[in-house]
Amino acid sequence: MISPELLRYYPYFSRLDEAQLIKVAIISDEESFENGAVIFQEGDIANALYFLLDGQVDLYYTLAGKKNSPLEKGIPVGEINPGEPFGISALIEPYMLTATSSVYGSARVIKIDASELRTMFDEDRRLAYFFIHQAAKAAIERLHATRIQLAAAWA
Amino acid sequence: MVSPVLLSRYPFFSFLKPAQLREIAKIAVEESYDRGAILFREKDPADAFYILLKGSVELFFTVEVEYYPELSKELKFRVIYPGESFGISAFIEPHKLTSSARSTEPCQVVKIKAAPLLDLCQQDDELASALIYQVAKAAIDRLNATRLQLAATWTPASTN
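Chains as they are written, first to last, in numbering that gives the first Met the number 0: chain D, 0 to 154; chain A, 0 to 159.
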């Protein structure tokens with residue numbers, strides 16, 4: 000569990016009310032990672048939603064599971080900055096991670112148990128809307144950035 | 000208005016209750032476009048959400064080169080087929096379109112104005128969370144497809 004005060008500090012959580020902040024804080028933990036640490040791997044089950052407090056996390060696309068993939072190291076497909084969510088696939092079926100996340104420098108994160116969070120969504124539709132809307136927003140922003148990368152590659 | 004039964008056939012709305020479908024059907028219209036018609040342009044306000052009934056629509060954006068408009072290039076990165084939705088930015092702030100859409104053959108769409116749809120969501124938390132779930136799912140699916148397109152352009156040397 001973390002302090003609800005920690006969540007309140009970030010604009011990302013500002014639309015949650017007091018009771019919702021407490022419920023989310025109860026199922027959250029704070030974790031720290033060193034340079035190069037892999038927080039999660041593409042293709043794995045997405046069992047947590049992450050929120051970056053400090054540092055930087057890079058996302059790589061590796062075509063995990065594909066034999067003879069030429070992308071051993073992976074293609075950089077995004078950079079997570081403090082105040083942003085990642086691991087958003089944890090909220091959307093089939094709950095499978097679509098990129099690998101790797102720490103650049105160092106990172107301090109909030110890890111929210113996705114299974115518990117999804118159970119809360121059944122009882123609190125506004126909480127569901129809040130988290131899923133933020134996930135959709137992050138996905139659309141990353142989609143736009145990836146299209147720009149693609150445009151550069153095609154140019 | 001369109002038929003609620005028509006909406007229920009499409010995955011985006013298939014999970015809704017009959018009363019919710021009726022409310023959305025009231026604010027939806029069917030529209031037809033000739034080949035080559037522009038349905039919307041990137042950077043314009045995303046004021047409507049679409050489902051393609053017939054035909055095909057390509058999504059593209061224009062890469063402009065500052066001071067050299069003649070070098071501007073159109074990049075077509077996705078084709079929408081019948082049954083698919085597009086214009087999902089209508090659900091997400093800042094409600095701004097991230098691509099343009101053009102029909103590549105005569106097409107028919109269901110168009111739902113964003114403002115009344117978001118009003119319905121304000122009144123019905125269950126509808127709001129169910130629709131935003133579909134939006135997030137569509138966005139993640141598209142993100143994956145675009146990453147795959149990017150991977151296809153990648154050469155091993157580029158990863159060094």
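Hints should not be assumed to be uniformly reliable.
[Stated by the list, open to error] Examples of chain D residues lying across from chain A (beta carbon under 10 Å, computed):
no., residue
1, Glu17
2, Gln19
3, Ile21
4, Lys22
5, Ile25
6, Glu78
7, Ile91
8, Arg146
9, Ala154
[Stated by the list, open to error] Here are the computed lysine to aspartate or glutamate pairs in the EDC-like style, where the Cα-Cα straight-line distance is at most 20 Å:
no., chain 1, residue 1, chain 2, residue 2
10, A, Lys95, D, Glu41
11, A, Lys16, D, Asp121
12, D, Lys110, D, Glu30
13, A, Lys110, A, Glu57
14, A, Lys136, D, Asp16
15, A, Lys112, A, Asp124
16, A, Lys136, D, Glu140
17, A, Lys136, D, Glu30
18, A, Lys110, A, Glu69
19, D, Lys22, A, Glu83
20, D, Lys110, D, Glu83
21, A, Lys95, D, Glu122
22, D, Lys22, D, Glu140
23, A, Lys136, D, Glu83
24, A, Lys16, D, Glu122
25, D, Lys22, D, Asp123
26, A, Lys136, D, Asp121
27, A, Lys75, D, Glu92
28, A, Lys112, A, Glu73
29, A, Lys42, D, Glu122
30, D, Lys22, D, Glu115
31, A, Lys16, D, Asp28
32, A, Lys25, A, Asp43
33, A, Lys53, A, Glu29
By construction, these hints were calculated from the structure, which means they are not laboratory data.
Positions of the beta carbon are idealized from the N, C-alpha and C atoms, including for glycine.
How the hints compare with the structure:
At its closest, the beta carbon of Glu17(D) sits 18 Å from a beta carbon of chain A; the interface hint therefore is violated under the 10 Å criterion. Residue-level restraint check for Gln19(D) is violated (minimum Cβ-Cβ distance to chain A is 13 Å; threshold 10 Å). At about 20 Å, the closest approach between the beta carbon of Ile21(D) and any beta carbon in chain A exceeds 10 Å, and the interface hint on this residue is violated. Restraint check, Lys22(D) versus chain A: the minimum CB separation of about 16 Å is more than 10 Å; hint violated.
The beta carbon of Ile25(D) comes no nearer than 21 Å to any beta carbon in chain A, farther than 10 Å, and the hint placing it at the interface is violated. Using the Cβ-Cβ criterion of 10 Å, the hint placing Glu78(D) at the interface with chain A is not satisfied: the shortest such distance is roughly 15 Å. Using the Cβ-Cβ criterion of 10 Å, the hint placing Ile91(D) at the interface with chain A is satisfied: the shortest such distance is roughly 5 Å. Taking 10 Å as the C-beta cut-off, the interface hint given for Arg146(D) holds, the closest approach to chain A being about 6 Å.
Taking 10 Å as the C-beta cut-off, the interface hint given for Ala154(D) holds, the closest approach to chain A being about 7 Å. Our distance criterion of 20 Å between C-alpha atoms is broken by Lys95(A) and Glu41(D), whose separation comes to about 30 Å. Restraint check for Lys16(A) and Asp121(D): satisfied, since their Cα atoms lie roughly 16 Å apart, inside the 20 Å limit. With a C-alpha separation of about 7 Å, the suggested pair Lys110(D) and Glu30(D) falls inside the 20 Å cut-off, and the hint holds.
Using a Cα cut-off of 20 Å, the hinted pair Lys110(A) and Glu57(A) holds, with the two alpha carbons roughly 16 Å apart. In summary, the hint linking Lys136(A) to Asp16(D) is not supported, as the alpha carbons are separated by about 26 Å, beyond the 20 Å threshold. Our distance criterion of 20 Å between C-alpha atoms is met by Lys112(A) and Asp124(A), whose separation comes to about 19 Å. At roughly 14 Å between alpha-carbon atoms, Lys136(A) and Glu140(D) fall within 20 Å of each other, so this suggested pair holds.
Taken as a hint, the Lys136(A) and Glu30(D) pair is broken in the structure, with Cα atoms around 28 Å apart against an allowance of 20 Å. Note on Lys110(A) and Glu69(A): the hinted pairing is violated, with a Cα-Cα distance of about 34 Å set against a maximum of 20 Å. Simply put, Lys22(D) and Glu83(A) have alpha-carbon atoms about 36 Å apart, too far for the 20 Å limit, and the pair is violated. Among the hinted pairs, Lys110(D) with Glu83(D) is consistent with the structure: their alpha-carbon atoms are about 12 Å apart, no more than 20 Å.
Taking the CA atoms of Lys95(A) and Glu122(D), the gap is about 32 Å. The hint is violated against a cut of 20 Å. Taking the CA atoms of Lys22(D) and Glu140(D), the gap is near 28 Å; set against the 20 Å cutoff, the hint is violated. For a cut-off of 20 Å, the pair hint linking Lys136(A) to Glu83(D) stands: about 19 Å separates their Cα positions. Taking the CA atoms of Lys16(A) and Glu122(D), the gap is near 18 Å; set against the 20 Å cutoff, the hint holds.
Annotation: proposed proximity of Lys22(D) to Asp123(D) holds, straight-line Cα distance about 11 Å (limit 20 Å). At most 20 Å may separate the alpha-carbon atoms for a hinted pair to count; Lys136(A) and Asp121(D) meet this at roughly 18 Å. For the given pair, Lys75(A) sits about 28 Å from Glu92(D) by alpha-carbon distance, which is inconsistent with the 20 Å threshold. Proximity of Lys112(A) to Glu73(A) is assessed by CA-CA distance (about 27 Å); at most 20 Å being required, the pair is judged violated.
As the CA atoms of Lys42(A) and Glu122(D) are separated by approximately 37 Å, the hinted pair breaks the 20 Å bound. A threshold of 20 Å between alpha carbons decides the hint, and for Lys22(D) with Glu115(D) the separation of about 10 Å falls inside it, so the pair holds. With a C-alpha separation of about 37 Å, the suggested pairing of Lys16(A) with Asp28(D) is violated against the 20 Å cut-off. Annotation: proposed proximity of Lys25(A) to Asp43(A) is violated, straight-line Cα distance about 25 Å (limit 20 Å).
For a cut-off of 20 Å, the pair hint linking Lys53(A) to Glu29(A) stands: about 11 Å separates their Cα positions.
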